[in-house]
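Engineer: Spelled out from the first residue to the last, the chains are:
There are 2 protein chains.
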Amino acid sequence: MRYKITIEYDGTNILGWQRQLDGPSVQEYLENAVLSLVPHSSSSRIEVQGAGRTDAGVHALAQVAHFDLEREIEDWKLRDAINFHLRDQNAPVVVTLVEAVSSDFNARFSAKGRGYIYRILNRRAPSALEKNRVWWVPVELNITKMQEAAKHLLGYHDFSSFRAAACQAKSPLKTLDKIEIYQQGEEIIFEVEAKSFLHHQVRNIVGTLKLVGDGHLQPSDIKKILEAKDRKVAGPTAPASGLYLSKVWY
Amino acid sequence: MRYKITIEYDGTNILGWQRQLDGPSVQEYLENAVLSLVPHSSSSRIEVQGAGRTDAGVHALAQVAHFDLEREIEDWKLRDAINFHLRDQNAPVVVTLVEAVSSDFNARFSAKGRGYIYRILNRRAPSALEKNRVWWVPVELNITKMQEAAKHLLGYHDFSSFRAAACQAKSPLKTLDKIEIYQQGEEIIFEVEAKSFLHHQVRNIVGTLKLVGDGHLQPSDIKKILEAKDRKVAGPTAPASGLYLSKVWY
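Residue numbers (the working numbering), protein chains in the order written: chain A, 102 to 351; chain B, 102 to 351.
Check each hint, because a few of them may be wrong.
Since the list gives no way to pick out one identical chain from another, each pair is judged satisfied if it fits inside one copy or across any two copies.
[Said to hold, decoys possible] In silico BS3-like pairs for lysine-lysine, Cα to Cα no more than 30 Å straight-line:
no.	residue 1	residue 2
1	Lys246	Lys178
2	Lys178	Lys279
3	Lys232	Lys324
4	Lys178	Lys232
5	Lys271	Lys252
6	Lys348	Lys232
Since the hints were made in silico from the structure, they are not lab data.
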C-alpha cells in the first residue's frame with residue numbers, strides 16, 4: 102500500500118527536509134515515526150520520499166511525501182499514529198493528512214506544481230511573536246515597485262542569476278507561473294508558483310526584489326539581472342526563516 | 102518625562118508580566134533595558150508599570166506600560182534603544198511604540214478598556230508551526246452553539262464562576278462589553294473586551310464555552326453556571342498558550 106502524506110513543519114531547529122548524518126531532518130523524523138508502526142523484523146528502514154527538499158530553517162505548511170507500507174491502515178488512524186510517534190520524538194513536524202494512493206503515485210515526480218510563501222515583517226521593531234517565522238526588514242519597502250519588478254520574472258526564463266551555486270538541476274530554464282506581492286498588516290507577503298524551482302530560487306528572488314523595495318535597484322534592473330545570467334549581479338539570498346513551502350499539486 | 106510604551110511578547114518561556122524572584126518576567130526585561138539607558142549613579146531601578154498582569158505563557162500583541170525618565174529622548178530613538186537592550190538580554194519582548202505622555206498618565210489606572218484574543222486550533226492534527234501559540238482542540242467544536250452560549254455572558258454580571266481562587270479584585274462584578282467567536286481557517290478565534298477582567302476570567306470563559314462547543318454543555322447551561330456564582334460548576338481553565346492581550350485603550 103502506498104500512502105501520500107501532507108506535512109507541516111517548523112524548520113527552525115532542523116537541517117531541512119533531507120536526512121543528514123549531523124542533525125535532525127524532517128525525513129528522519131518521519132521515517133522513524135513510520136518505522137515504529139512496522140513489526141521489527143520486517144524492515145530496518147522505511148523510505149519517505151518528499152515532493153521537494155527544503156533547506157535548514159525553511160518551513161512547510163503543506164509539504165507532500167509518500168511511502169509504502171505492507172499493512173493497510175485507515176487514513177485517519179495512520180495519521181494519528183504517525184503524529185503520536187512524531188510527538189514521541191518531540192519533532193517539530195506534524196502530518197495533517199494521509200491518503201491511500203495508487204502505486205504509481207510519486208510525491209516528487211508526479212507533482213504538477215509547487216507553491217511557496219515568503220513573509221517579510223516590515224516595521225521598525227523586530228518581532229517577539231514571529232521570530233524565526235519572518236524576515237524582519239526595518240526599512241520601509243515600496244510594494245508597488247516590487248510588484249512592477251516582479252513582472253519581469255514571470256514566464257519562461259534562464260534563471261541563472263537566481264540559482265544557488267550548489268543547485269543540481271540540469272537546466273537553469275524554468276517557468277515562473279505566479280508571483281504576487283501584497284501587504285497583510287505589518288507584513289509583506291510573496292506568493293510564488295512554478296512546476297519546479299531551482300535551489301534558492303525563491304529566496305534569491307525575494308532578496309533581490311527587496312533591493313527594489315528599499316530603492317537600491319529600479320524595477321527595470323530586474324530585467325537586466327535576469328538577462329545577465331550571473332548569480333553575482335543579483336541580490337543576496339533572503340533568510341530561510343521567512344520561507345514556507347505552502348502547496349504541492351498533482 | 103513620562104513615556105507610554107506598547108509591547109509585544111511571547112509568553113512561552115517567561116513567568117508572566119510581573120517581576121518574580123524565580124525567573125524571567127516581561128517587567129524585569131523591560132526594567133533592565135530602560136535602566137541601561139540611565140547613568141549608573143542616578144538610579145538602581147526603574148519601575149515599568151503595566152496596564153495589566155498577564156500570567157506565565159500568556160502572550161501580548163499590545164500590552165501597554167509607562168515609566169519615567171529624567172532624560173528627554175525622541176520617541177523612535179527611545180524605542181530602538183530599548184529594543185537594542187531587550188535583544189541584548191535575548192528577551193522575547195519587543196517595544197513596538199513609544200509615546201511621550203503627560204505625567205498624570207497611568208498605564209493601569211487610566212485604561213478605559215482591555216481586549217484579549219484567544220486562539221483555538223480546531224483540527225485532528227496538532228500544530229507544528231503554532232505550538233505554544235494556540236490551544237489545540239482535536240474534537241470538532243460547534244461555533245454556533247458557543248456563540249449562543251456566549252450571549253449570556255455579555256453585560257454586567259457577578260463572574261464568580263469564572264474567577265480564579267487567587268483573584269485579588271475587590272468585587273466579582275464586571276461588565277463584559279464584547280465576546281465574538283468566529284472561524285479563521287482551522288482556528289476558532291474569541292475576541293473579548295471589558296473595562297477590566299478578573300484573574301483567569303477569559304481563560305475560564307473559553308474553557309467553559311469549549312464544553313458547549315464539544316456538546317458536554319448546552320448553551321443555556323452557561324446562564325445557570327453564571328447564576329451559581331461558584332467556580333466549581335464552570336469548566337476548566339483554558340491553557341495560557343492561546344491567550345493574547347491584544348489592546349488597551351485610554
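Engineer: Have a look at Lys348 and Lys232 and pick one of within, between, both or neither, based on CA distance no larger than 30 Å.
Structural biologist: Both, since 23 Å and 21 Å are each at most 30 Å.
Engineer: Checking an output row: Lys178 and Lys232, CA cutoff 30 Å. Within, between, both or neither?
Structural biologist: Cα proximity of Lys178 and Lys232: across copies only (22 Å, versus 34 Å in one copy).
Engineer: How do Lys271 and Lys252 come out at 30 Å by Cα distance, when the copy is not named: within, between, both, or neither?
Structural biologist: within (25 Å within a copy, 62 Å between copies)
Engineer: At 30 Å max between alpha carbons, let me know whether Lys246 reaches Lys178 within a copy, between copies, both or neither.
Structural biologist: between (49 Å within a copy, 29 Å between copies)
Engineer: I want to check one pair: Lys232 and Lys324. Are their C-alpha atoms no more than 30 Å apart within a copy, between two copies, both, or neither?
Structural biologist: Neither: 33 Å inside a copy, 41 Å across copies.
Engineer: Have a look at Lys178 and Lys279 and pick one of within, between, both or neither, based on CA distance no larger than 30 Å.
Structural biologist: Close neither inside one copy (36 Å) nor across copies (40 Å); limit 30 Å.
Violated hints, listed in ascending order, are 2, 3; each of the other numbered hints is respected by the structure.
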